[in-house]
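Respectively, the protein sequence lines represent chains A and B. So in the numbering used here, the last one in the first sequence is 560, and the numbering has no gaps at all. So in the numbering used here, the last one in the second sequence is 114, and the numbering has no gaps at all.
Take the hints with a grain of salt, since some may be wrong.
[To be verified] No farther apart than 30 Å at their CA atoms in a straight line, the calculated lysine-lysine pairs in the DSS-like style are these: (1) A/107 <-> A/372; (2) A/122 <-> A/474; (3) A/107 <-> A/382; (4) A/122 <-> A/307; (5) B/73 <-> A/273; (6) A/122 <-> A/372; (7) B/18 <-> A/273; (8) A/382 <-> A/372; (9) A/107 <-> A/380; (10) B/18 <-> A/107; (11) A/372 <-> B/73; (12) B/18 <-> B/110; (13) A/307 <-> B/18; (14) A/122 <-> A/107; (15) B/110 <-> A/107; (16) A/107 <-> B/73; (17) B/21 <-> B/110; (18) A/107 <-> A/273.
[To be verified] Chain A regions said to be covered by chain B (calculated; three or more residues, Cβ under 8 Å): (19) 265-276; (20) 282-290; (21) 506-515.
Note that these hints are calculated values from the structure, not bench results. Beta carbons are placed, not taken as given, at the ideal position from N, Cα and C, and that holds for glycine.
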Amino acid sequence: MDPRGNLFVLGLVLSIVVILISVLISVWARRFTRNLGDYYVAGRSIGAVNNGLAMVSLALSLTTFVGLTALMIEGVYIGVAVYAAFTSAFIGLLLLAAPFLRRHKSFTTMAFIDERFNSKSLRVLSVIVMLVVSMLYLGGNLKGIGIVFYYLLGIPELWGIILGGIVVTLYVTIGGMYGVTYNQTFQTIVLIFCLMFPVAIVMRALGSSGWFFPPLGYGDMVPLMEQVAPHYFWPMLVHPSVYISVFLGAWFGIIGLPHFVMRYFTVRDSKEARWSTVITVFLVGLVSTTVYATGFAAVYFMNTKALELGITIPREAYDYVVFILIENLTTQGWLAVAIAGSIAAALSTVAGLLMIMGAGLIHDLYCVFKPDIDDERKLKLSYGAMLVIGVLVILFSLNPPDFILEAIMWAFGIAACSLGVPIVLGIWWKRTTKQGVAVGMTFGFILTTACFIMIDYIGMDPVTIPIPFIAKYLYGPFGWIKTVSFILPLSFILTIVVSWLTPPPDESLQRQVDEMHGWSDYDNRRYNGNGLPITIIILSLLTMFFVTTLYGVFPGSY
Amino acid sequence: MKDYKLEVRATVICFTVAAIIGGFLSSFFVIFNSVFFNQVAPPEHLAQHFSTMYIAKTTVLGFPLHYFLLITLSWLGTTLIGAIWCLIMDRLEKIQQQ
């Protein structure tokens, strides 16, 4: 896809304004950082509204602008289903993990796993998992910055990736978690404005009568859409287990993704953690429904006005469609606003990921091997680590995945199958042992990563991957998503069965579960029965069985 | 144990409802497609066949019913469930602190 032409001055100015404000906020926030706790978790002083807004920008990465429309053009209904599951996944995070993790005194997911199961080996393993999923997430987002710069300036994506990477590395290093939090709050406001308004103008240009409220305002265009793209609203193009896989990946993935969980360690108390999630769900839902409108407009535009205007959009340009849409249907000012919004979206997510990677390497890895270093030295090392990680991430992003949302969906899958399982069981079942977690986590991580490498990186057809039993059922459109419906249940079953077969953990470890749930006393009867693990095993078996049903009914591709 | 049971029950109920409306809903649309669509293809044709049209039986604000349910329940429905659960947990937390 060719760039849009000459230097787009207005877009460049607005983007620079967003970048400069972000750097200034970090410089300003630096004054609050006095110790390691301030640097990593903002002194655990963030309120519900601030954290909720910060979570929104963390959640709504650049995929909001340049990834989802590509998925919707490729898969229509499933694109909406993916974002719907992602929106509701915050409620899963709320019910199963967020407030309980806040009561735990950890800085990160990796530290939580170490302290809950008393295992340094698990801590190291979870750092490795964190690095893999964060890299996948980051690669997608930095590629997105590259796309925006390419489209904006007509310069190669590479330079956009390098520039975006340098800016965000600098402001994360300078401002620490305070800087990241206040920046994310600012970027959420920018993002919502920069998405809602241009989309409303686009909807008006396409003839929608409810253009002033894009989330639910395009109903009158549905009959026309059904004529030009009749399959747009059909959910039955894929095996129903694909939707269950999406649900499992989103709900347990968000619990397993350390950069989401880390935000909960920054809030004042568990009540703030709870209500910040409710704020997040509402705002993420508002933006997601606007994004569905964007996807709808993109598909509608490609099948109607683009044909009239003689615009052909090749497959490799699907990630750019939002900008093509805005440029052709609105004024240059709105295009500039959308570009600035997408820059804000990318910066906020990349910042959160760099923060967790820096914390993971220094706090969770280096300090395990060098436990005697003081906090001041740790803080200095953290600054250095953040810079080094920023450079490494830029290098990794030079060869990013083809479709950015697909890479992020794999990150969710890997996080769900490896970290999501021990976190949920560690909070809700006292009997979970470190041996059980080691087996379940290793199995989930290795198998999901292997599937990712074979299917997405090497490009093998999912049904041909050398994994007995599972591969056969990965047929059909988006068949690879079904890997989660096998690996996540198996990871749960392995963790539970091995925990049953090994001696129960010490009372001091089991006591943590009561404390996480807010009980000041210890009662062995709480969170210790067999009801939960048996229910999980039954549901896991049913999920796997369901994927094997209706074989041959959904074999085609569209 | 009474308060513990309250916490577990509230969480199980909220989780189940949120999982259904925020996750499983689309699979129900596929399995029970005859509820939402008029022209239903025989099972061997369910995969994709543009020659077979699926026409939504009911629309809300112009959207096919299933689509409207998906986008509103996964957003406003789950937000409401989250808020209800938070209120219950706020109450429980007060009891725990007494």
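Hints, one by one, checked against the model:
Simply put, residue 107 of chain A and residue 372 of chain A have alpha-carbon atoms about 20 Å apart, close enough for the 30 Å limit, and the pair holds. The suggested pairing of residue 122 of chain A with residue 474 of chain A is violated, with an alpha-carbon distance near 38 Å, which exceeds 30 Å. In summary, the hint linking residue 107 of chain A to residue 382 of chain A is supported, as the alpha carbons are separated by about 22 Å, within the 30 Å threshold. At roughly 59 Å between alpha-carbon atoms, residue 122 of chain A and residue 307 of chain A are farther apart than 30 Å, so this suggested pair is violated.
For the given pair, residue 73 of chain B sits about 43 Å from residue 273 of chain A by alpha-carbon distance, which is inconsistent with the 30 Å threshold. Distance hint between residue 122 of chain A and residue 372 of chain A is fulfilled; the C-alpha atoms sit about 12 Å from each other, no more than 30 Å. At roughly 21 Å between alpha-carbon atoms, residue 18 of chain B and residue 273 of chain A fall within 30 Å of each other, so this suggested pair holds. Among the hinted pairs, residue 382 of chain A with residue 372 of chain A is consistent with the structure: their alpha-carbon atoms are about 15 Å apart, no more than 30 Å.
Using a Cα cut-off of 30 Å, the hinted pair residue 107 of chain A and residue 380 of chain A holds, with the two alpha carbons roughly 18 Å apart. Our distance criterion of 30 Å between C-alpha atoms is met by residue 18 of chain B and residue 107 of chain A, whose separation comes to about 27 Å. Proximity of residue 372 of chain A to residue 73 of chain B is assessed by CA-CA distance (about 66 Å); at most 30 Å being required, the pair is judged violated. Taking the CA atoms of residue 18 of chain B and residue 110 of chain B, the gap is about 14 Å. The hint holds against a cut of 30 Å.
Taking the CA atoms of residue 307 of chain A and residue 18 of chain B, the gap is near 62 Å; set against the 30 Å cutoff, the hint is violated. Pair hint residue 122 of chain A plus residue 107 of chain A holds up; C-alpha atoms about 17 Å apart against a cutoff of 30 Å. A hinted pair counts as satisfied when its Cα atoms are at most 30 Å apart, and residue 110 of chain B with residue 107 of chain A qualifies at roughly 21 Å. A hinted pair counts as satisfied when its Cα atoms are at most 30 Å apart, and residue 107 of chain A with residue 73 of chain B does not qualify at roughly 53 Å.
The hinted pair formed by residue 21 of chain B and residue 110 of chain B meets the criterion: a straight-line CA distance of about 16 Å does not exceed 30 Å. At roughly 15 Å between alpha-carbon atoms, residue 107 of chain A and residue 273 of chain A fall within 30 Å of each other, so this suggested pair holds. Proximity of the segment 265-276 of chain A to chain B, defined as three or more residues with a beta carbon under 8 Å from a beta carbon of that chain, is established by the 3 residues found. Look at the segment 282-290 of chain A against chain B: 5 of its residues bring a Cβ nearer than 8 Å to a Cβ of that chain, three or more, so the hint holds.
Residue count for the segment 506-515 of chain A with a Cβ under 8 Å from a Cβ of chain B: 0. That is fewer than the three needed, and the coverage hint is violated.
Comparing the model with each earlier hint shows violations of hints 2, 4, 5, 11, 13, 16, 21; every other hint is respected.
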